[in-house]
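There are 2 protein chains.
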Amino acid sequence: MSNPVSNAVSNPVSSSPSNAPHEGRKPRLLVQKYGGTSVGTIERIRAVAQRVASARAAGFDVVVVASAMSGETNRLIALGQQLSKRPDPREMDALVATGEQVSVALLAIALHDLGVPARSLTGFQVKLRTDSAFMKARIRGIDAEQLIETARQGVVPIVAGFQGVDDEGNTTTLGRGGSDTTAVAIAAALGQGVACEIYTDVDGVYTADPNVCPNARKVRRISYEEMLELASLGAKVLQIRSVELAMKYAVPVHVRTSFSDAEGTWVVNEDESLESVVVAGVTSDKNEAKVTIRRVEDKPGRAAGLFEALADARISVDMIIQNPSADGSTDMTFTVSKNELDRAREIASKVFASHEIFVREDVVKVSIVGLGMRSHAGVAAKMFRLLADEGINIEAITTSEIKVSCLVAAKYHELAVRALHDGFGLGA
Amino acid sequence: MSNPVSNAVSNPVSSSPSNAPHEGRKPRLLVQKYGGTSVGTIERIRAVAQRVASARAAGFDVVVVASAMSGETNRLIALGQQLSKRPDPREMDALVATGEQVSVALLAIALHDLGVPARSLTGFQVKLRTDSAFMKARIRGIDAEQLIETARQGVVPIVAGFQGVDDEGNTTTLGRGGSDTTAVAIAAALGQGVACEIYTDVDGVYTADPNVCPNARKVRRISYEEMLELASLGAKVLQIRSVELAMKYAVPVHVRTSFSDAEGTWVVNEDESLESVVVAGVTSDKNEAKVTIRRVEDKPGRAAGLFEALADARISVDMIIQNPSADGSTDMTFTVSKNELDRAREIASKVFASHEIFVREDVVKVSIVGLGMRSHAGVAAKMFRLLADEGINIEAITTSEIKVSCLVAAKYHELAVRALHDGFGLGA
Numbered sequence: 472m473s474n475p476v477s478n479a480v481s482n483p484v485s486s487s488p489s490n491a492p493h494e495g496r497k498p499r500l501l502v503q504k505y506g507g508t509s510v511g512t513i514e515r516i517r518a519v520a521q522r523v524a525s526a527r528a529a530g531f532d533v534v535v536v537a538s539a540m541s542g543e544t545n546r547l548i549a550l551g552q553q554l555s556k557r558p559d560p561r562e563m564d565a566l567v568a569t570g571e572q573v574s575v576a577l578l579a580i581a582l583h584d585l586g587v588p589a590r591s592l593t594g595f596q597v598k599l600r601t602d603s604a605f606m607k608a609r610i611r612g613i614d615a616e617q618l619i620e621t622a623r624q625g626v627v628p629i630v631a632g633f634q635g636v637d638d639e640g641n642t643t644t645l646g647r648g649g650s651d652t653t654a655v656a657i658a659a660a661l662g663q664g665v666a667c668e669i670y671t672d673v674d675g676v677y678t679a680d681p682n683v684c685p686n687a688r689k690v691r692r693i694s695y696e697e698m699l700e701l702a703s704l705g706a707k708v709l710q711i712r713s714v715e716l717a718m719k720y721a722v723p724v725h726v727r728t729s730f731s732d733a734e735g736t737w738v739v740n741e742d743e744s745l746e747s748v749v750v751a752g753v754t755s756d757k758n759e760a761k762v763t764i765r766r767v768e769d770k771p772g773r774a775a776g777l778f779e780a781l782a783d784a785r786i787s788v789d790m791i792i793q794n795p796s797a798d799g800s801t802d803m804t805f806t807v808s809k810n811e812l813d814r815a816r817e818i819a820s821k822v823f824a825s826h827e828i829f830v831r832e833d834v835v836k837v838s839i840v841g842l843g844m845r846s847h848a849g850v851a852a853k854m855f856r857l858l859a860d861e862g863i864n865i866e867a868i869t870t871s872e873i874k875v876s877c878l879v880a881a882k883y884h885e886l887a888v889r890a891l892h893d894g895f896g897l898g899a
Numbered sequence: 472m473s474n475p476v477s478n479a480v481s482n483p484v485s486s487s488p489s490n491a492p493h494e495g496r497k498p499r500l501l502v503q504k505y506g507g508t509s510v511g512t513i514e515r516i517r518a519v520a521q522r523v524a525s526a527r528a529a530g531f532d533v534v535v536v537a538s539a540m541s542g543e544t545n546r547l548i549a550l551g552q553q554l555s556k557r558p559d560p561r562e563m564d565a566l567v568a569t570g571e572q573v574s575v576a577l578l579a580i581a582l583h584d585l586g587v588p589a590r591s592l593t594g595f596q597v598k599l600r601t602d603s604a605f606m607k608a609r610i611r612g613i614d615a616e617q618l619i620e621t622a623r624q625g626v627v628p629i630v631a632g633f634q635g636v637d638d639e640g641n642t643t644t645l646g647r648g649g650s651d652t653t654a655v656a657i658a659a660a661l662g663q664g665v666a667c668e669i670y671t672d673v674d675g676v677y678t679a680d681p682n683v684c685p686n687a688r689k690v691r692r693i694s695y696e697e698m699l700e701l702a703s704l705g706a707k708v709l710q711i712r713s714v715e716l717a718m719k720y721a722v723p724v725h726v727r728t729s730f731s732d733a734e735g736t737w738v739v740n741e742d743e744s745l746e747s748v749v750v751a752g753v754t755s756d757k758n759e760a761k762v763t764i765r766r767v768e769d770k771p772g773r774a775a776g777l778f779e780a781l782a783d784a785r786i787s788v789d790m791i792i793q794n795p796s797a798d799g800s801t802d803m804t805f806t807v808s809k810n811e812l813d814r815a816r817e818i819a820s821k822v823f824a825s826h827e828i829f830v831r832e833d834v835v836k837v838s839i840v841g842l843g844m845r846s847h848a849g850v851a852a853k854m855f856r857l858l859a860d861e862g863i864n865i866e867a868i869t870t871s872e873i874k875v876s877c878l879v880a881a882k883y884h885e886l887a888v889r890a891l892h893d894g895f896g897l898g899a
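Sequence order for the protein chains is L and P. If you're matching positions, the first sequence starts at 472 in the working numbering and goes up one per residue. If you're matching positions, the second sequence starts at 472 in the working numbering and goes up one per residue.
The set of hints was computed from the structure by calculation and includes no laboratory data.
One copy or two, either will do: identical chains are not told apart, so a pair holds if it fits within one copy or between any two.
Below, a list of computed lysine to aspartate or glutamate pairs in the EDC-like style, where the Cα atoms sit at most 20 Å apart:
| id | residue 1 | residue 2 |
| --- | --- | --- |
| 1 | 598 | 638 |
| 2 | 707 | 734 |
| 3 | 598 | 637 |
| 4 | 556 | 514 |
Chain L extracted, bound-state conformation (with noise of 0.2 Å):
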């Protein structure tokens, strides 16, 4: 147990209730952030408002942010998409931005009927400053004094996820997912070790997805590290720019699920992350393509003409594979998002106009990630020995330090998880 302030936060609804605030001693801080489905009816809201109510019984100053009640997101995008095929980012801002703050209000509506003096705070009010990148604005800054003054007064801030303000004024919003960067953001604002709770509809992260593997279990720890790799590879749990913030800022974040009390999963610092595991999950990727140019001439330059192409076209291509044969040429295989395969396609058919390409589609990524690889010789072999004893072919490789990915067809998915995962003695 390397951290006192993760452990301190790390029950606070089950804390004993002779903590309570303001008695002598100075509050600790701490930041929960409730997702869509955790405020999505009155009922839910009613039940947050319980939660942060006992947090502050349990002795802790409590700054709360939330998303938008869910379906709300949604239900104005498509409102505005009605009226325009292609609607002005700085109204379609101004428009989702309504969705958190009607939640806000609701919930501190709710706190002021348990007797919890609350104060929603838009965007605006809160002075988060961003650019203005309308509908996927980053954050410069953020009036933390003024939220730290209104705790201190003993109101709970609720504060309007994924939306704040430019200089000029505008409304603005962070792109999907940015509640959760709203409240790493904050957390880190109000100053060291102001741990981040994530109450999302999941309750925590698992070794793999437990749709796939019931044996998967839920991590206790993770590191910033694991965990950005197992976001960007489509573990949705936490959106990736937030767990950049909190690696930055050193902010403890706690995922957890607002449907009951139990522990969820913290993410931190690698070296508070107990679980030193070589292999800390499995993950898949459905959603890439393969494509593969036949009989390339093999010299200098071919390959780069074609992923400059692409990278003007602002396409992100996740493998490349190159295999050289004897008579000189060579097949070159990318991968790419299966909704940027036509244009890839296209610009590919450009660069090479006088070659065979060939697209697939029914294919999946599958992942391991661990930071104790990077000690750890033959986690890569050990991967390739596992999928080969299941008689799965592998399409193509990619391997970061802390992680391993695969692709196969697609119709192996499960087994392929599943291979790796007890391979991996990752199971329950």
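Guided by the hints, dock chain P onto chain L, whose structure is given.
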């Protein structure tokens, strides 16, 4: 035609498109306010955007004020009330203000889609400063410069009605119908003679309720004073505070409908209201109840004691009648709003503990309103005669300079209104 401004804007939509703006001469300013039904659906919002675009094409710089989509304010209030029997007023304002923020963003999107630059503005952004009386705030000032500058750049400012911001940066609302007041206040701030079009679900002010008098006529022009009496008597076309504000700053107000291009009713200064008839309209109010205290000793201070107690309880008394009889006692009668009847009766029972108290709810107040009656004797007498001719007994009477009201049994409601409407020659 004594008012060049209101003539100029009398029908911007149907004006010749050759009056294009920004061609050498200074465009005229016009405020258009669209009510909830005018922006009630995506199709209606599109129609409103078209109307704004037409006004611009006709040579106007338009500032738009919009209400929430119809039903939206009630939906939001219901959410808040589900969470608390007495929801916090600051948070209710933060909650309901989102309704207008949605409609102004949608309207801006629709205008952009027509190629018309537009910018939605919240109460915060337009710096519409108010006091801190949540749910019934009063306007203190508006940043007109910003609006004029925005319009001058060819961008249509679309201001969220009904909302403002107090000195502490809290969102406030102006109370029901407050968007009318926002629009008139903006027109006043924009400068002398700037007209304000109020688009509502009725197409103007009528000489009587057309549901009661099928031959009721739309009034072309009416004075602020007459409109105030009509509004306070229940002809709910314009919010009363907006009429007071229009009178104070001489803002010409054009009440009309967004469902057609028909002229509505101009509310203007007395000397501009062409139709200086004796009686401008007949109106009625079913929301009053009568309280009678029998056989009160007829001595000084008895009435004062009662009405002071009612005033202390903030109960508004409308009509008061006291008829001394020969035996030294008097019957004391007054009327109050039906929703304050129980409290009024209770107070009367305390002040006159040993007296009989009667209440009557099946009454209606019918009134005639007109500037002309200041210079015409016998108008009240004629009203009483017209009612008597129909066999209608008068239960109470009040008069002001430009209004005479009679309380009659509720069953005579339609009969009384029709008799007065025809008797004063108001029919079409």
